[in-house]
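*Asks:* If you read the sequences in order, they're chains A and B. Per the UniProt record's numbering, the first sequence starts with residue 1, numbered consecutively. Per the UniProt record's numbering, the second sequence starts with residue 1, numbered consecutively.
Simulated from the structure, these hints should not be mistaken for laboratory data. Heads up, a few of these hints could be off.
[Said to hold, decoys possible] Keeping only pairs whose Cα atoms sit at most 27 Å apart, straight-line, the calculated BS3-like set for lysine-lysine is:
(1) K431(B) / K92(A)
(2) K332(B) / K51(A)
(3) K62(A) / K332(B)
(4) K304(B) / K72(B)
[Claimed, not checked] Residues on chain A that point at chain B, a partial pick, calculated with CB under 10 Å:
(5) A86
(6) I111
(7) D169
Glycine included, C-beta positions come from ideal geometry on N, C-alpha and C.
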Amino acid sequence: MVYLVELWESIRDFLGTGGDVLYVVMGALFLMWVLMIERYWFLTGVFPKLKKQIISDWDARKDTTSWYAHKIRDAWISEADEKLNARILLIKTCVAICPLIGLLGTVTGMIAVFEIMAVQGTGNPRLMASGISMATIPTMAGMVAALSGMFFASRLEARVRRAKERLIDSLPHH
Amino acid sequence: MNKLVKSLLVAAAFSLSAGASSAYAQDEAKSLDQLLELVKENRAASQRINAQREAEFTSERADKQALLNDAKRQLANEKARGERLQAEFAENEIALANKEQELQNALGTLGEIVGVARGAASETIGRIATSIVSAQYPGREDVLETIAEAKEVPTIAELEELWLAWLTEMKESGKVVTFNSDVTLLDGSTENRDVTRIGVFNLISQGEYFNYNDAAEEIQPLGRQPEDYVLATVEAFEETETGYEGLYIDPARGQILNLATQKATLEERYHQGGTVGYVITVALIVGFLIAIYKFITLGIEGAKMRAQLKNTANPSDKNALGRILKVYQENKTADTENLELKLDEAILRETPRIDSGVNIIKILAAIAPLLGLLGTVVGMIGTFQSITLFGTGDPKIMAGDISMALVTTALGLIAALPLILVHAIVASRAKSIVHVLDEQAAGIVAAHAEKKE
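Please work from the sequences and hints to get the whole structure.
*Replies:* This is how it looks when you write it as structure tokens:
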């Protein structure tokens, strides 16, 4: 319990020195990970059943070689592909905007620095230091958030592609 | 010319006098002998007169000598007196110095006390005059001023005043009091109000923070009140009758509040972005409007297509899938190759309408940070211009252009972030609809055909 309180304290300190932009980074990171976990869950939990259903439907068909059969197979694959690829674009977008949010933090931090300079002059570097930490911490946080998502997002894409190819391979024309 | 006139006048004067003397001579002397007699008589007379005058002079000369001697004696006397007085002055000077030394000795440690009391009094004046307690009890520093300026040893009563002043300040600094006082408002008018003083830190009245201006001895409102969440506590604090209520106070006795008034509000900061900032805002608004439009139209289209999917037997003209199914119904008898070409043509007709606008959002999302960069460059140009004009001595001169540079950058990013997200959502919607048409339409047609058989 004490450990949790200390952890919470350090997080609050971090948020305090980094400024409000960190909340936006946090939001983007949260959204990204929720979407990615949902995709992993879909790939491991939901999709195998769907795949089995499609394969059994296909195997039950008598006609698998006519133009009609080809089109129906394509449509089924496309449907499955769409389900697999749902929200992947959003995940990739989240990964892409994280460094942008960090950059926004840099700029707002620099605005704070120059505001302090306008009011107090350049005499006291300590006053400017808070603005500078507001500029650098969100940049770092944005980078870290993007890096944490980038690896898993690309792995996810590869898995989706592989899953689709396996499905295509499992629907032979008899 | 002048010279000529002068000589003429002189000549005239001579001739006149000559005329006069000849006339006189003509009166007295009838002949030359008589004239000679007359001249001789005159000479004798004038010799007599001269002798008389000589006698007078010699007698007067003796008198003057006596006067001179008198004056010389007087001078000698005065000189002697001057020397005597000078000696006396020097003696007195020494005596005075001795007496002062004696006085110093007699004062002893009391002299130091005078200094300490005077120093303490003048220090206290600084504290008390600027303290907001003086807003409630004006004129407290007047007594102290007499102590601070006095040359004599302060009396016990005066020292007690100093002591009392400190005690009052100490006691009042721990109190939260409401009192009635005149308040000078921002428009220059004065108003009688109930003012609450929180220790020596803040003055509040009617939901606003006030400052005590010690130079004018007036209670004045802040030029700009702090943020709303800070002000809200003031109102809540004033409304409480009993118990406790939280309140933001300024431990720097009003300095932080004064500095806070110089901070730019969000709106002011937005306007620092200038024209480029407004252009970015327009880009954001246009992007959002397109996104909302696409969101609605794609949502309606998707819903209609889902409904059509459940009822493939009766294709409707109102949605893309229905129109494609119609093409199939019209070309039922055609062979598969022909049918596929017809279907492809129908799909090709539908897709541009669905995709339209999505790319504009993407372009706007890409343009917004570029516009921000433009604002940065424009601002930096302004900065360097002011450096060439005024030098780098005063950072405040450059601050305006630098803030423009930074604010536009921030605005560009702020506009780009939601546009990118919105584009991702709209694009995936459009993509799924296009997929249904592109890859599944033929399948739906085929399934429909099979079901009939």
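*Asks:* It remains to establish, for every hint, whether it holds in the given structure.
*Replies:* Checked hints:
no., hint, in the structure
1, K431(B) / K92(A), "holds, 15 Å"
2, K332(B) / K51(A), "violated, 32 Å"
3, K62(A) / K332(B), "holds, 23 Å"
4, K304(B) / K72(B), "violated, 140 Å"
5, A86, "holds, 7 Å"
6, I111, "holds, 5 Å"
7, D169, "violated, 18 Å"
In this structure, the hints that do not hold are numbers 2, 4, 7, in rising order.
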